[in-house]
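So you can see what is in the structure, the chains are spelled out below.
Protein chains: 2
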Amino acid sequence: MIVVVATNYLIPEKKQEYMDVVKKLVEETRKEKGCISYVFNEDMDDPNKVAFIEKWESKEALDAHFKAPHFVELTPKLSECRTNREINFYKEII
Amino acid sequence: MIVVVATNYLIPEKKQEYMDVVKKLVEETRKEKGCISYVFNEDMDDPNKVAFIEKWESKEALDAHFKAPHFVELTPKLSECRTNREINFYKEII
Numbered sequence: 051m052i053v054v055v056a057t058n059y060l061i062p063e064k065k066q067e068y069m070d071v072v073k074k075l076v077e078e079t080r081k082e083k084g085c086i087s088y089v090f091n092e093d094m095d096d097p098n099k100v101a102f103i104e105k106w107e108s109k110e111a112l113d114a115h116f117k118a119p120h121f122v123e124l125t126p127k128l129s130e131c132r133t134n135r136e137i138n139f140y141k142e143i144i
Numbered sequence: 051m052i053v054v055v056a057t058n059y060l061i062p063e064k065k066q067e068y069m070d071v072v073k074k075l076v077e078e079t080r081k082e083k084g085c086i087s088y089v090f091n092e093d094m095d096d097p098n099k100v101a102f103i104e105k106w107e108s109k110e111a112l113d114a115h116f117k118a119p120h121f122v123e124l125t126p127k128l129s130e131c132r133t134n135r136e137i138n139f140y141k142e143i144i
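Each protein sequence line maps, in turn, to chains A and B. Following the working numbering, the numbering of the first sequence begins with 51 at its first residue and continues without gaps. Following the working numbering, the numbering of the second sequence begins with 51 at its first residue and continues without gaps.
Take these hints with a grain of salt, some might be off.
As the list makes no split between identical chains, a pair holds if one copy fits it or if it spans any two.
[Unchecked claim] Simulated crosslink set (EDC-like; lysine to aspartate or glutamate; CA at most 20 Å straight-line):
hint : residue 1 : residue 2
1    : K64       : E110
2    : K81       : D70
3    : K99       : E142
4    : K83       : D93
5    : K64       : E82
6    : K127      : E107
Hints listed in this document are in silico derivations from the structure and should not be mistaken for laboratory results.
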């Protein structure tokens with residue numbers, strides 16, 4: 051299993067535009083094979099810091115996600131709404 | 051619900067000592083009231099970067115966790131084994 055924590059730092063004025071894209075991305079991604087969980091979160095201390103926390107069955111499932119039509123179509127729109135991002139890939143130990 | 055992502059950057063030579071403490075902390079924490087999940091993860095690109103990814107039912111449950119005897123006893127030992135840490139509190143949006 052692979053755990054992904056993808057943090058995005060948003061442009062405040064573009065947050066609504068960003069959220070409209072996120073809704074579609076979450077809806078489509080959750081239908082993907084090997085997607086165990088895919089949750090969009092907001093930092094409790096900073097509404098413009100958000101994080102996707104995801105669980106994937108395998109590297110193959112995650113790689114397929116990055117090539118999925120909705121991912122390829124929607125993620126460029128997300129990048130227009132943020133100043134920065136950080137993505138971490140984890141494996142569960144305990 | 052509150053989601054916690056607590057990242058620790060380890061002193062390599064102290065990793066085994068750190069892991070011994072983590073095992074006890076995870077075991078005890080999972081017994082706590084309001085602990086939905088409490089998972090210890092390792093960064094796939096850096097074995098000395100680790101992250102607790104946690105889900106708590108409420109702020110009250112998380113506050114009780116920070117006062118729990120095992121937490122108070124064990125976490126100082128973790129801090130001896132790391133160079134840095136970052137803790138983020140999230141709320142689930144979608």
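Against the structure, the hints:
1. K64 x E110: For K64 and E110, the Cα distance exceeds 20 Å both inside one copy (33 Å) and across copies (33 Å).
2. K81 x D70: Classified as within: same-chain Cα gap 18 Å, cross-chain 38 Å, threshold 20 Å.
3. K99 x E142: between (24 Å within a copy, 13 Å between copies)
4. K83 x D93: neither (28 Å within a copy, 23 Å between copies)
5. K64 x E82: neither (27 Å within a copy, 40 Å between copies)
6. K127 x E107: neither (27 Å within a copy, 33 Å between copies)
Checked against the numbered hints above, the structure breaks hints 1, 4, 5, 6 and satisfies the rest.
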